[in-house]
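Sequences and hints are given; from them, build the entire structure.
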Amino acid sequence: MSKHHYSYLALGDSYTIGESVPLHESFPYQAVQLLRKAGLAMNAPEVVAKTGWTSFELAEHILHTQLNDSYDFVSLLIGVNNQYRGLAAEEFKTDFEFLLRKAIHLSGEHPKQVIVLSIPDWGTTPFAAKKDSKSISAQIDQFNGICEAAAKAGGVHFIDITDDTRRAKKDNSLLAADQLHYSAKAYAAWAEKLANIIRQQTHK
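Going from the sequence shown to my numbering is simple: count from 1 and add 264.
Please keep in mind that the hints were generated in silico from the structure rather than gathered at the bench.
Since the structure is predicted, the reported quantities are computational estimates derived from the model, not experimental observations.
Don't be surprised by glycine CBs; every beta carbon is placed ideally from N, CA and C.
Errors might be hidden in some of the hints.
Quick list of the computed label-pair ranges, beta carbon to beta carbon [unchecked claim]:
| no. | residue 1 | residue 2 | range |
| --- | --- | --- | --- |
| 1 | Gly350 | Gln297 | 34 to 44 angstroms |
| 2 | Pro390 | Leu331 | 34 to 44 angstroms |
| 3 | Pro390 | Asp333 | 35 to 45 angstroms |
| 4 | His467 | Lys416 | 20 to 30 angstroms |
No farther apart than 20 angstroms at their CA atoms in a straight line, the calculated lysine-lysine pairs in the PhoX-like style are these [claimed, not checked]:
| no. | residue 1 | residue 2 |
| --- | --- | --- |
| 5 | Lys457 | Lys398 |
| 6 | Lys433 | Lys395 |
| 7 | Lys449 | Lys434 |
| 8 | Lys457 | Lys376 |
| 9 | Lys398 | Lys433 |
| 10 | Lys449 | Lys301 |
| 11 | Lys416 | Lys376 |
| 12 | Lys433 | Lys449 |
| 13 | Lys314 | Lys366 |
| 14 | Lys434 | Lys395 |
| 15 | Lys366 | Lys416 |
| 16 | Lys267 | Lys301 |
| 17 | Lys394 | Lys357 |
| 18 | Lys376 | Lys366 |
| 19 | Lys301 | Lys457 |
| 20 | Lys457 | Lys416 |
| 21 | Lys267 | Lys357 |
| 22 | Lys434 | Lys394 |
This is how it looks when you write it as structure tokens:
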């Protein structure tokens, strides 16, 4: 009998494609590399993400993209551009709940195979030095509250990476050259958290 090859769909924005780092250093690819080292037969991740996308733009793209009927695992990280553009939290809530339902559907209706990652806090990066970082952080927390509540209601996993990103304020090695996005080192920490959940689910 041939070994099962696990499929993984990563939905998101610039943080999912790994803006400013090589593709193989993005967190979806690093997670797959970790899982392969652990002995799992993993296909390359399928990434549906673009820099600048809001939750609505991601939803629109998914609706017009030919995807597989189902994936073994699906991750979702979206919302920073809603906050950046000053879009309403209520709109984000509606979009995010739709996206989460779609992610669960794409997992073959297996909520435990869906992983939501929290929104990074770009307010602690040098890019935001001349902006109101406290206000940005508060808004990111508000949006993450929406993500976490939806994840809990949907029975999916929720990974908090926001605290990790806030360490970039004192640790420049966590930032990419553009001083806004994150480095391979930062993505490695996210990938490890993601890979741990996937490993747990495959061992059940």
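Going through the hints against the structure:
Our hint of 34 to 44 angstroms for Gly350 and Gln297 holds, since their Cβ atoms are close to 37 angstroms apart. Here the CB-CB span from Pro390 to Leu331 is close to 37 angstroms, well matched to the stated 34 to 44 angstroms. In this structure, Pro390 and Asp333 meet the distance hint of 35 to 45 angstroms, their C-beta atoms being roughly 43 angstroms apart. For the hinted restraint 20 to 30 angstroms between His467 and Lys416, the CB-CB distance of approximately 23 angstroms keeps it satisfied.
A distance of roughly 27 angstroms separates the Cα atoms of Lys457 and Lys398; the hinted pair therefore is violated under the 20 angstroms criterion. In summary, the hint linking Lys433 to Lys395 is supported, as the alpha carbons are separated by about 14 angstroms, within the 20 angstroms threshold. Restraint check: the Cα-Cα separation between Lys449 and Lys434 comes to about 14 angstroms, which is no more than 20 angstroms; the hinted pair holds. Between the alpha carbons of Lys457 and Lys376 the distance comes to roughly 15 angstroms, so the proposed pair stays at or under 20 angstroms and holds.
Distance hint between Lys398 and Lys433 is fulfilled; the C-alpha atoms sit about 13 angstroms from each other, no more than 20 angstroms. With a CA separation close to 18 angstroms, the supplied pair Lys449 and Lys301 stays within the 20 angstroms bound. Among the hinted pairs, Lys416 with Lys376 is consistent with the structure: their alpha-carbon atoms are about 11 angstroms apart, no more than 20 angstroms. The hinted pair formed by Lys433 and Lys449 meets the criterion: a straight-line CA distance of about 15 angstroms does not exceed 20 angstroms.
The straight-line distance between the Cα atoms of Lys314 and Lys366 is roughly 18 angstroms, inside the 20 angstroms bound, and the hint therefore holds. Of the supplied pair hints, the one linking Lys434 and Lys395 holds, its CA atoms being roughly 17 angstroms apart against a limit of 20 angstroms. The suggested pairing of Lys366 with Lys416 holds, with an alpha-carbon distance near 16 angstroms, which does not exceed 20 angstroms. Between Lys267 and Lys301 the CA atoms are separated by roughly 15 angstroms; this keeps the pair inside 20 angstroms, and the hint holds.
For the hint pairing Lys394 with Lys357, the CA-to-CA distance comes to about 28 angstroms; that exceeds 20 angstroms, so the pair is violated. Taken as a hint, the Lys376 and Lys366 pair is honoured in the structure, with Cα atoms around 14 angstroms apart against an allowance of 20 angstroms. In summary, the hint linking Lys301 to Lys457 is supported, as the alpha carbons are separated by about 15 angstroms, within the 20 angstroms threshold. At roughly 18 angstroms between alpha-carbon atoms, Lys457 and Lys416 fall within 20 angstroms of each other, so this suggested pair holds.
Simply put, Lys267 and Lys357 have alpha-carbon atoms about 39 angstroms apart, too far for the 20 angstroms limit, and the pair is violated. As the CA atoms of Lys434 and Lys394 are separated by approximately 17 angstroms, the hinted pair is consistent with the 20 angstroms bound.
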